[in-house]
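There are 2 protein chains.
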Amino acid sequence: MDRSLVALGAPRAERADAVRNRLHLLTTAREMLATQGADKVTMDGLAERAGLGKGTVFRRFGSRAGIFHALLDDDERAFQEQVLSGPAPLGPGAAPADRLIAYGRARIAFQLGHYDIARAALDGTRPIAAGEGTISQVHIRMLLGLADLGVADLDMLAVQLTAALEGPFLLYLSAPDHADAALRVEERMAQGWEELVLRICRP
Amino acid sequence: MDRSLVALGAPRAERADAVRNRLHLLTTAREMLATQGADKVTMDGLAERAGLGKGTVFRRFGSRAGIFHALLDDDERAFQEQVLSGPAPLGPGAAPADRLIAYGRARIAFQLGHYDIARAALDGTRPIAAGEGTISQVHIRMLLGLADLGVADLDMLAVQLTAALEGPFLLYLSAPDHADAALRVEERMAQGWEELVLRICRP
Numbered sequence: 001m002d003r004s005l006v007a008l009g010a011p012r013a014e015r016a017d018a019v020r021n022r023l024h025l026l027t028t029a030r031e032m033l034a035t036q037g038a039d040k041v042t043m044d045g046l047a048e049r050a051g052l053g054k055g056t057v058f059r060r061f062g063s064r065a066g067i068f069h070a071l072l073d074d075d076e077r078a079f080q081e082q083v084l085s086g087p088a089p090l091g092p093g094a095a096p097a098d099r100l101i102a103y104g105r106a107r108i109a110f111q112l113g114h115y116d117i118a119r120a121a122l123d124g125t126r127p128i129a130a131g132e133g134t135i136s137q138v139h140i141r142m143l144l145g146l147a148d149l150g151v152a153d154l155d156m157l158a159v160q161l162t163a164a165l166e167g168p169f170l171l172y173l174s175a176p177d178h179a180d181a182a183l184r185v186e187e188r189m190a191q192g193w194e195e196l197v198l199r200i201c202r203p
Numbered sequence: 001m002d003r004s005l006v007a008l009g010a011p012r013a014e015r016a017d018a019v020r021n022r023l024h025l026l027t028t029a030r031e032m033l034a035t036q037g038a039d040k041v042t043m044d045g046l047a048e049r050a051g052l053g054k055g056t057v058f059r060r061f062g063s064r065a066g067i068f069h070a071l072l073d074d075d076e077r078a079f080q081e082q083v084l085s086g087p088a089p090l091g092p093g094a095a096p097a098d099r100l101i102a103y104g105r106a107r108i109a110f111q112l113g114h115y116d117i118a119r120a121a122l123d124g125t126r127p128i129a130a131g132e133g134t135i136s137q138v139h140i141r142m143l144l145g146l147a148d149l150g151v152a153d154l155d156m157l158a159v160q161l162t163a164a165l166e167g168p169f170l171l172y173l174s175a176p177d178h179a180d181a182a183l184r185v186e187e188r189m190a191q192g193w194e195e196l197v198l199r200i201c202r203p
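Residue numbers (our numbering), protein chains in the order written: chain A, 1 to 203; chain B, 1 to 203.
Worth double-checking, as some hints may not be accurate.
It does not matter which identical chain is meant; a pair holds if it fits inside one copy or across any two.
[Said to hold, decoys possible] Subject to a maximum C-alpha distance of 25 Å in a straight line, what follows is the list of computed SDA-like cross-link-like pairs (lysine to any residue): (1) Lys54 - Asp116; (2) Lys54 - Thr27; (3) Lys54 - Ala65; (4) Lys40 - His114; (5) Lys54 - Asp39; (6) Lys54 - Gly124; (7) Lys54 - Met43; (8) Lys40 - Arg126; (9) Lys40 - Thr125; (10) Lys54 - Asp44; (11) Lys54 - Leu33; (12) Lys40 - Thr28; (13) Lys54 - Arg30; (14) Lys40 - Asp73; (15) Lys54 - Arg15; (16) Lys54 - Thr28; (17) Lys54 - Asp123.
Just so you know, these hints were derived from the structure itself, not from any lab.
Next comes chain A alone, as it looks inside the complex:
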């Protein structure tokens, strides 16, 4: 018997357990969200419902905000896929200003669809994506670079436009309380974003 395989076995098994626990916790959290609402998804509540120890939940997510951050991650990846390789103007192949407008419209819909999760993923002790930048920051910065605006500090403009796009729901606006209201808010925000982009991009 090869002892090195045995030695390697334990950590490998632990990693598989970790992946299984994480998936089980995320599935449980989604169930709790759908049936009980975001308020009930706490470290203790999730551990109890998942039948795992609080320590396990803490190791996987670090904080309550971390649970929601993880829930958001999967959908963020699907969203990013659309932006990187979906059809134009959201995907590649249109003029930068048109892509900025299309991106804003798609992002506003994404945010409305994830209002509670995105809010709960906010962590008062650190930025949304410290250092690397969010999907929105990176994409808006890229498009601003292509738009040839004559602005000296495109990085700062990208941060400010990202905030203009994502900040309203994260910071200032309440969740629309029925589907009609949500549609109206979505349309108003998309129109407002389009106007903002056109004013910034006009020569």
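Given the structure of chain A, go ahead and fit chain B onto it with the hints provided.
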């Protein structure tokens, strides 16, 4: 002896106690912030340091975020005073675009000076100022109205510009780690805000 005065005495004394407790808790929280940092200011930590029960802290502030919200309130009022009746262009008496630029510059400095407190005052379960709007939203909306921009939805533009102004520090940017870096970020953000306002306001 007039029994009605005795009957009224108890609630009045309780209100005086409540005011005293609140002031004592806020003073204690400021001390903790200055000497230990925002992380240590928790419901339990504050109650212990102030020598009061956790129930009292809960009744006064409702949540940890509520403590920071209350700390911010006093300084917000002083800031608002400058905007309402201080010298132009921050105060009244200049053109709307100049006042927007001056407001942004002042607000960016305010935010940098309150980075930890403003972050910790965020509450993932509700907007910063549900319903009534924040100082920034109300003021920016007023100035946009005076600027005669030909924009259909000034309320939405005001929310989006408020987010562009306040969102970067609340959501995306880390705290500058020394005074020089803070000055540079403050100047970059102020320049970026000026550029944004000029592009939105040009005819």
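Inset, instruction - Any hints from earlier that this structure breaks? Give me their numbers in increasing order, please. - result: none
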